[in-house]
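*Asks:* What follows is the residue order along each chain.
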Amino acid sequence: MTAPLVFEDVPLNLRAATACSLTVPAHHTIAVLGDDASGVDRLGGYVLGLEAPPAGRVLVFDTDIGSLPDPERLAFRRRVGYLPAGDGLLQNLTLRDNIALPLRFGTAASSREIDGRVNVMVVAVRLGSAADRRPATANEEERRRAALARAIAFDPGLLVLEQPFDGVTARAAAELLEVARGGETAEGARRAILITGHELPAVVQRRCDRLYRLTRAGALELETV
Amino acid sequence: MINLLTRLGGWMARWLSLLGALARFSFGGARAAVRLPRAGQDVVVRVTLNQIRFTAVHAIGLVLLLSGILSFLVISQAVRELGQLGASELIGTLMVVAIVRELGPLITALAVVGRSGTAIAAELATNTVMGEVRALQGMGIDPRQYLVLPRFIGAVASIFALLVLFDIVAIGAGFAAAAINGMTGSRYAEIVLRSLSARDVLLTVAKALALGVIVGIVPSYFGLSVRRAATEIPVAVSRATVASIVGVFLCSALFVLLG
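Respectively, the protein sequence lines represent chains A and B.
If you read the first sequence in my numbering, its first letter stands for residue 1, the second for the next number, and so on.
If you read the second sequence in my numbering, its first letter stands for residue 1, the second for the next number, and so on.
Treat the hints with care, as some may be off.
[Stated by the list, open to error] Derived coverage of chain B by chain A (criterion: at least 3 residues anywhere in the stretch with Cβ under 8 Å from a Cβ of chain A; other residues may be distant): (1) 78-88; (2) 161-170.
[Stated by the list, open to error] Derived DEER-like restraints, expressed as beta-carbon distance ranges: (3) A/108 / B/172: 48 to 56 Å; (4) A/113 / B/45: 16 to 24 Å; (5) A/187 / B/20: 50 to 58 Å; (6) A/113 / B/106: 45 to 53 Å; (7) A/202 / B/45: 32 to 40 Å; (8) A/57 / B/1: 34 to 42 Å; (9) A/36 / B/61: 43 to 51 Å; (10) A/198 / B/106: 51 to 59 Å; (11) A/57 / B/61: 33 to 41 Å; (12) B/194 / A/108: 50 to 58 Å.
Hints were generated in silico from the structure; no laboratory data involved.
A quick note: this is a predicted structure, and the numbers were derived from the prediction, not measured.
Built from N, CA and C at the ideal position, the CB exists for glycine as well.
Please model the entire structure based on the sequences and the hints provided.
*Replies:* See below:
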């Protein structure tokens, strides 16, 4: 079985000439950490085809997403769960409506079916009554829970999480990671996950299969978890 | 001289490039609209109604005021001055051509640009800077479906509705002005109705729709054209307002040329 996500010779730091290769195999949780100058923030954009890498290619489920025409690329992104840095929740919608949004625009399901699915997600991420609040009146942890629920709304095989645990306690981070993994199979987590960010709580690092540090020179260094 | 021509050429090239970008943006939006699933349509309808509430319903007072005062002043002066010259018949032409057909659409569109065009540009620019547009794209949602389409439909419907209101109030205020200045109501109604043709109504409707398209598209385009810095928001709003006003005037001029 091929890996859900492969970076082939992609320069991650635009000021450095070093090209990186990275594979996120199925059932694996891989974290890439680095500071602002390392270019780690670009990884998620490359995976989803939001930005094109300057060289090399990024294969998602064996597809070079950057080569797809616009409508196909939009549809393809629904196979990948995405939690952007800063959560990206729409401020004029409740957390519940935010979770429902990708389902409303990306499926042919009826509103009733979508509402049922959203209720399941709200319970899964333990959002409770906060689901009916708008992002501005919810706390950081509730917003992260909602953003994660939205990312897994399509039950994707691959998840990209950008700085997913900033502003949440280590305990909540561990809990959110378990939800993101989607349960366990004989091979490992049900989903492949790429986590990018500046730092991760120790409890989350221990749950990662591999942890890389992206240097300012653009090199990926494997860290011992 | 060459310097002047170079600058003029550069200015023309920028405007043509903007026109091309707006056309691409509009066609892309139209294609995205066709692909909307059923549940997405429900969301778009909800956001559109909200946009109409803000753009049309909340602007009723402003349009009543502008229309009433403009018509009252113009017809008051016209009844006095034209009456002295024995040319009262021209009041009808003045009302239909100047107010209903030309100033009505122009003032209504400018009022909507000032109230809602700026708000649309600021809102979409904020959505972009806050990372909401990127998040939508990352989830496989075309931002033009969720953000642009409802605002576009809302702007077209609102300008059309406000223009109908503007014209009704203008004719009513003209009636009051004529009565105060000694003209009978039946005489005023006869003059105005005689001057009003089906062609005037069609031209006014077509102009309302065209101006609605401009006010629906231009602020959305500039709002979504910002990158990531909050300092780009006021610049985008300013550009959207200027481009919308220029577009509204050019469109009005084009209708005069075609009409």
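*Asks:* All the hints need checking, so say for each whether the structure fits it.
*Replies:* Evaluation of the provided hints:
no.	hint	verdict
1	78-88	violated (count 0)
2	161-170	violated (count 0)
3	A/108 / B/172: 48 to 56 Å	holds, 49 Å
4	A/113 / B/45: 16 to 24 Å	holds, 18 Å
5	A/187 / B/20: 50 to 58 Å	holds, 52 Å
6	A/113 / B/106: 45 to 53 Å	holds, 48 Å
7	A/202 / B/45: 32 to 40 Å	violated, 48 Å
8	A/57 / B/1: 34 to 42 Å	violated, 52 Å
9	A/36 / B/61: 43 to 51 Å	holds, 49 Å
10	A/198 / B/106: 51 to 59 Å	holds, 53 Å
11	A/57 / B/61: 33 to 41 Å	violated, 57 Å
12	B/194 / A/108: 50 to 58 Å	holds, 56 Å
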